[in-house]
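Line by line, the protein sequences give chains Y and X. Following numbering that gives the first Met the number 0 from start to finish, the first sequence increments by one per residue and tops out at 142. Following numbering that gives the first Met the number 0 from start to finish, the second sequence increments by one per residue and tops out at 313.
There's no promise every hint is true.
Selected chain X positions facing chain Y (in silico; Cβ < 8 Å) [said to hold, decoys possible]: (1) Pro43; (2) Asp51; (3) Met53; (4) Leu61; (5) Val62; (6) Asp65; (7) Thr69; (8) Gly170; (9) Ser210; (10) Tyr216; (11) Arg277.
Straight-line C-alpha distance at most 27 Å; calculated DSSO-like pairs for lysine-lysine [as the list claims (entries may be wrong)]: (12) Lys9/Y - Lys272/X; (13) Lys44/Y - Lys285/X; (14) Lys32/X - Lys35/Y; (15) Lys44/Y - Lys272/X.
No lab work stands behind these hints: they were computed from the structure. Nothing here was measured: the structure is a model prediction, and the numbers come from that model. For glycine and all other residues, C-beta sits at the position ideal for the given N, C-alpha and C.
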Amino acid sequence: MSWRIWSLKKSPWVFHVNTGACNNCDIEIVNLLTPKFDVERFGIKLVGSPRHADALLVTGGVTAQAAPRLREIYRQTPKPCVVFCIGACACDKGIFTTGYHMVGPVDKIIREIDPKAIIAYVPGCPPKPEAMISGVLKALSAL
Amino acid sequence: MPDALLNLFWILIFPGFLFTVCLGLIASWIVRKVSALVQWRVGPPVLQPFYDVMKLMGKEVLVPQDAQRTVFLAAPLIGMAGVLLLSTLLWRVTVAPTKPFVGDIIVAIYLTVLPSLALILGSSASASPHAAVGTSREMKLVMSYELPLVLALIVVVIKTGGQLSLAAIAGQTPALSISGMLAFLVALLCIQAKLGFVPFDIAEAETEVASGVLIEYSGALLAVWKLMQAMLLVALPLFLVVVFLGGFGTSGWPLVWGIGKYVLILVLLILIKNTNPRMRIDQAMKFFWVYCGLALVTAIALAIIGNSCGISWL
Numbered sequence: 000m001s002w003r004i005w006s007l008k009k010s011p012w013v014f015h016v017n018t019g020a021c022n023n024c025d026i027e028i029v030n031l032l033t034p035k036f037d038v039e040r041f042g043i044k045l046v047g048s049p050r051h052a053d054a055l056l057v058t059g060g061v062t063a064q065a066a067p068r069l070r071e072i073y074r075q076t077p078k079p080c081v082v083f084c085i086g087a088c089a090c091d092k093g094i095f096t097t098g099y100h101m102v103g104p105v106d107k108i109i110r111e112i113d114p115k116a117i118i119a120y121v122p123g124c125p126p127k128p129e130a131m132i133s134g135v136l137k138a139l140s141a142l
Numbered sequence: 000m001p002d003a004l005l006n007l008f009w010i011l012i013f014p015g016f017l018f019t020v021c022l023g024l025i026a027s028w029i030v031r032k033v034s035a036l037v038q039w040r041v042g043p044p045v046l047q048p049f050y051d052v053m054k055l056m057g058k059e060v061l062v063p064q065d066a067q068r069t070v071f072l073a074a075p076l077i078g079m080a081g082v083l084l085l086s087t088l089l090w091r092v093t094v095a096p097t098k099p100f101v102g103d104i105i106v107a108i109y110l111t112v113l114p115s116l117a118l119i120l121g122s123s124a125s126a127s128p129h130a131a132v133g134t135s136r137e138m139k140l141v142m143s144y145e146l147p148l149v150l151a152l153i154v155v156v157i158k159t160g161g162q163l164s165l166a167a168i169a170g171q172t173p174a175l176s177i178s179g180m181l182a183f184l185v186a187l188l189c190i191q192a193k194l195g196f197v198p199f200d201i202a203e204a205e206t207e208v209a210s211g212v213l214i215e216y217s218g219a220l221l222a223v224w225k226l227m228q229a230m231l232l233v234a235l236p237l238f239l240v241v242v243f244l245g246g247f248g249t250s251g252w253p254l255v256w257g258i259g260k261y262v263l264i265l266v267l268l269i270l271i272k273n274t275n276p277r278m279r280i281d282q283a284m285k286f287f288w289v290y291c292g293l294a295l296v297t298a299i300a301l302a303i304i305g306n307s308c309g310i311s312w313l
């Protein structure tokens, strides 16, 4: 294992992208920073710019308006980076499967511009914070 | 030739680059850990800042299409050079005060401005609207806190009888008087703004302007900025210790006492950081110019009266 991957596992900084979620998953993401879960123990930090990020936490089933923004943010993130689909909508459009304005899911949009992107799925409506932590750990150990 | 080598050793290893960087990264761990404890969390492991820098070094460096490449790439190095000189100067005054002239308080003032100047240069070269907002805030902030800082140092110069040399000032303790204490408190707040800590993290506000000045920096360049901030975390409190609190010793009890003073300043900075909300830029300007300005005019008047009447505690 190279030192790059090793240090990436030690300090994954995440950027939060909402592509049309109902805000439920977003609340659960913010939960990760509270004293109960405190992901800073593992070096995980929420950052304000995709340029600083190592992982994108994407919520929502990607509306037609959000899709170009999601592609732009993925391009702005320095590689290597991991994309996390948080929640049922981001994984598989959830209850919006037949929605006329939904162009997702997230993995389809990302794969259009980078077929080799590393994508992890955390299903649930919303997923529990424990599930997200376990998803992050599994995705990082697969790097 | 050995002289040049010795100087290089001074700047690059001890007590310059390597030593200050390691100390600064540990200090930034202390900041994060104490913040976590204040918020009833566990906080990151000791080596977390080292992991962060190592990871950033291994990441891709992206330069925005419209950015002014040369300035964008050079700015972090300019800032780093400024802090490196400042910390070497301060450590040298501390470790070897009897050596010939290496710089006085005026050089130190100029060197403390250099990191902010580099930040302004780099972010305005990055062609991002968020960075532009951050740049304008950073400029206003620099204008706000430089005046009180210089006034506070004038109080020190008056109290120490017109001394400008850092080594001579380090021998005295101006903070043990009313005017010196006032100046020390104001200088502490200026240092808070220089480090970009809450309540003065206006230029970097993550929730408003998405890390503002640093928004377009990635990979190794961001790592250099992080290292610069870590070194500032050593250099600026050390500057206060040297100027106001009588400096460090090199062995025995004076050394322990000196470390105690440094930790005291660091803890004060962290507590201010954790108990205050972010200010708006106009509030910060008003705070520094009106309130800190008035406090310092009083302090200067007290210091002059104290000097001419021979009352040392004034």
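>> Taking the earlier hints as the rules, which of them does this structure contradict?
In response: 5, 6, 7, 8, 11, 13
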